[in-house]
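Undergrad: Listed below are the residues making up each chain.
2 protein chains.
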Amino acid sequence: MAFAAPLPLRCGAVLRDYTLVYETYGTLNADRSNAVLVCHALNASHHVAGIYEGDAKSVGWWDNLIGPGQPLDTDRFFVIGVNNPGSCFGSTGPTHINPATQQPWGADFPVVTVEDWVDAQARLCDALGIAQLAAVIGGSLGGMQALCWATRYPQRLRHCIAIATAPNLSAQNIAFNEVARRAIVTDPDFHDGHYLACGTVPKRGLRVARMIGHITYLSDDTMDAKFGRNLRAAIGAAASLPSDAPRYTTLDIEFEIESYLRHQGDKFSEYFDANSYLLITRVLDYFDPAREHGGDLSAAFAAASAKFQLISFTTDWRFSPARSREIVKALLDNRLDVSYAEIAAPHGHDAFLLDDARYHGVLRARFERIAREMGGPGA
Amino acid sequence: MAFAAPLPLRCGAVLRDYTLVYETYGTLNADRSNAVLVCHALNASHHVAGIYEGDAKSVGWWDNLIGPGQPLDTDRFFVIGVNNPGSCFGSTGPTHINPATQQPWGADFPVVTVEDWVDAQARLCDALGIAQLAAVIGGSLGGMQALCWATRYPQRLRHCIAIATAPNLSAQNIAFNEVARRAIVTDPDFHDGHYLACGTVPKRGLRVARMIGHITYLSDDTMDAKFGRNLRAAIGAAASLPSDAPRYTTLDIEFEIESYLRHQGDKFSEYFDANSYLLITRVLDYFDPAREHGGDLSAAFAAASAKFQLISFTTDWRFSPARSREIVKALLDNRLDVSYAEIAAPHGHDAFLLDDARYHGVLRARFERIAREMGGPGA
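From first to last, the protein sequence lines are chains A and B. Under my numbering, think of the first position of the first sequence as -16, with each following residue one higher. Under my numbering, think of the first position of the second sequence as -16, with each following residue one higher.
Since the hints were made in silico from the structure, they are not lab data. All figures in this text were calculated on a predicted structure; none of them were measured in a lab. Be aware that a few hints might be false.
To be verified - List time: in silico DSS-like cross-link candidates among lysine-lysine, alpha-carbon distance up to 27 Å:
#: 1; chain 1: B; residue 1: Lys40; chain 2: B; residue 2: Lys186
#: 2; chain 1: B; residue 1: Lys250; chain 2: B; residue 2: Lys40
#: 3; chain 1: A; residue 1: Lys209; chain 2: B; residue 2: Lys312
#: 4; chain 1: B; residue 1: Lys186; chain 2: B; residue 2: Lys250
#: 5; chain 1: B; residue 1: Lys250; chain 2: A; residue 2: Lys186
#: 6; chain 1: A; residue 1: Lys209; chain 2: A; residue 2: Lys250
#: 7; chain 1: A; residue 1: Lys40; chain 2: A; residue 2: Lys250
#: 8; chain 1: B; residue 1: Lys186; chain 2: A; residue 2: Lys186
#: 9; chain 1: A; residue 1: Lys40; chain 2: A; residue 2: Lys209
#: 10; chain 1: B; residue 1: Lys209; chain 2: B; residue 2: Lys40
#: 11; chain 1: A; residue 1: Lys250; chain 2: A; residue 2: Lys186
#: 12; chain 1: B; residue 1: Lys250; chain 2: B; residue 2: Lys209
#: 13; chain 1: A; residue 1: Lys250; chain 2: B; residue 2: Lys186
#: 14; chain 1: A; residue 1: Lys312; chain 2: B; residue 2: Lys209
#: 15; chain 1: A; residue 1: Lys186; chain 2: A; residue 2: Lys40
Make the full structure from the sequences, and use the hints.
TA: Encoded structure:
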């Protein structure tokens, strides 16, 4: 959907003539009360569920949660997935043409924030004729968007579901983002962010950035259970060695975890845009609703009126349960309707993307409650 | 000290005509019973205490622990600091000339291990006429060397002091090392490890590697206390902005933690050799005394006879207290003399380098015991 009205951004710039790519699932009901907005995190997109015809691998990133009969049941709800501006999956972003220069935006794409994304999403809802969402849901950075909706457009959502998220990034979180950014920016193929105009892609930096990110998405325990200290089975010339004999190499792969991480980095560097990575890690860094309230998170939620579901995972060390509890406390300080589930799951931050019975049970119950509250024949 | 006898390495190679740089402090007593070997970690050296004449900044890395009247009292003990082969502070390493090619070793320097280092240290002790050390002490990778002494040369040390260490690296530990190595190896200035011959240094990779490492040395809490989400004070053109106003930038420094990490990376890239970084992170990866005992750590310590002091720090998430407790259990399984102190300290892994009263109290008491056991007029 193309938007002609300029979008003013927090950084002071204005985004003109932008496009948002979105997908919808299910049917908007007669009184337009069953819409659920799904917000994506760092490297995901509008494609939240289902597969594209003829492409069996194109599974939506939250397909285990969203669909007919799923916890977020598309037989009952009208689900919207939207790609945020600055990302690289179709909505206006740094790989698109800057109308002012007729060159790709590159590093000149304006810095966007969670607030800007939520404003863009609200305009999309306007265009779809949705005055109030039944719910906004997201995990990680997606959860930050859900929380932002609750403070920025309190009358436009009834439920806010924020999973594996935080009220802001800790110094350590910012530090990991910064190392990833430095890996990208110091790649000689980055060319000050105008690599497309130079016909290059800073793949080396993207690989390292993704490897760093990936470590923080998994729990220590999951890594030990999945890879441990296993050596990678000998291949090629070394196939005659027993598989438990180290090869003693500094440059080649020795341990399975190394092989896995390199593979993750390689895959990511093939499809993700480096400037989008810089922008979206900054979206994370800048999110801090308490900042303009003198650091008082409770004050930040003073205007909120949604009903809240917070969920965290015990082994998530990126956004630990303690960070979710900070949010819960701030919401309770405002006497809001809050449920909080702390799920004992071994998978670390990535747990929010996985199919865990207790986790999905909490979400199924929440959406059944939302459906009941909507009334009507679908309830 | 130059060694003519070749040193056989675990990887199968042999190190010929190698040199070890070492420093000693205090005086070896008449019966040669008061020698303490100090083992260094990833980026340290033989210079463990004191300052070099005319260079006030050249403070030894464990100067707060070692010296006259300090917990490791050089009025009583003869302290030896030695730079390990493969490192870059004077002992034979990848920046030295490979006698076979008359070129710098570069990436052809053989892969070394904790066992090889301990063998080299034992030969140094031979040359110094020290049949038995009063103690071997080290933190982090230094602690691994102390543990290796206890299993490899059980009769040659009376006390083993292993601080903030682990019986092996977890998959997550290896993962962080691997990302750091990839940052170095994929730097175009790396030239397959023969950058010296090409007149370059892979500084970009070294910077990123150091930034990653540094995050894992500090606790989350310390980072929050020291930097939090503080913005770096505006400088230069931006000096007119209030210091709490974000600049909204993806390429420039916004948060104080970013400034700190970049500074750490820059400093490190000026003095540390990239091939040494690869080698020494591999020394860490490969250390695993249980491996040749079918994963049974208790069996690995079956031959040990030293008295052990283990110390860990509550906020160390690189080598957590749980990892030290694994070692303690294995030692107790062998009915060895073991003391274990778990110090409540906020500083993360770096705590082993800092001056904490309870931590240094434990070490002072241990060295007083060692001195008493030595007997003689110094006791």
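Undergrad: State for each hint whether it applies.
TA: Taking the hints in turn, this is what the structure says about them:
1. The hinted pair formed by Lys40(B) and Lys186(B) meets the criterion: a straight-line CA distance of about 23 Å does not exceed 27 Å.
2. Restraint check for Lys250(B) and Lys40(B): the C-alpha separation of about 14 Å stays at or below 27 Å, so the hint holds.
3. Of the pairs offered as hints, the one joining Lys209(A) and Lys312(B) holds, with about 25 Å between alpha carbons and a cut-off of 27 Å not exceeded.
4. A C-alpha spacing of about 10 Å is found between Lys186(B) and Lys250(B), which places the hinted pair at or below 27 Å, so the restraint holds.
5. Proximity of Lys250(B) to Lys186(A) is assessed by CA-CA distance (about 26 Å); at most 27 Å being required, the pair is judged to hold.
6. Note on Lys209(A) and Lys250(A): the hinted pairing holds, with a Cα-Cα distance of about 20 Å set against a maximum of 27 Å.
7. Between Lys40(A) and Lys250(A) the alpha-carbon distance is near 14 Å, which keeps this suggested pair within the 27 Å criterion.
8. The straight-line distance between the Cα atoms of Lys186(B) and Lys186(A) is roughly 18 Å, inside the 27 Å bound, and the hint therefore holds.
9. For the proposed pair Lys40(A) and Lys209(A), the alpha carbon gap of about 23 Å is at most 27 Å, so the pair holds.
10. As the CA atoms of Lys209(B) and Lys40(B) are separated by approximately 23 Å, the hinted pair is consistent with the 27 Å bound.
11. Restraint check for Lys250(A) and Lys186(A): satisfied, since their Cα atoms lie roughly 10 Å apart, inside the 27 Å limit.
12. In summary, the hint linking Lys250(B) to Lys209(B) is supported, as the alpha carbons are separated by about 20 Å, within the 27 Å threshold.
13. Restraint check: the Cα-Cα separation between Lys250(A) and Lys186(B) comes to about 26 Å, which is no more than 27 Å; the hinted pair holds.
14. Between Lys312(A) and Lys209(B), the direct Cα distance comes to roughly 25 Å. Compliance with the 27 Å bound is thereby established for this hinted pair.
15. Straight-line distance between C-alpha atoms of Lys186(A) and Lys40(A) comes to about 23 Å, which keeps the hinted pair within the 27 Å bound.
Figure legend: structure checked against the earlier numbered hints; every hint is met.
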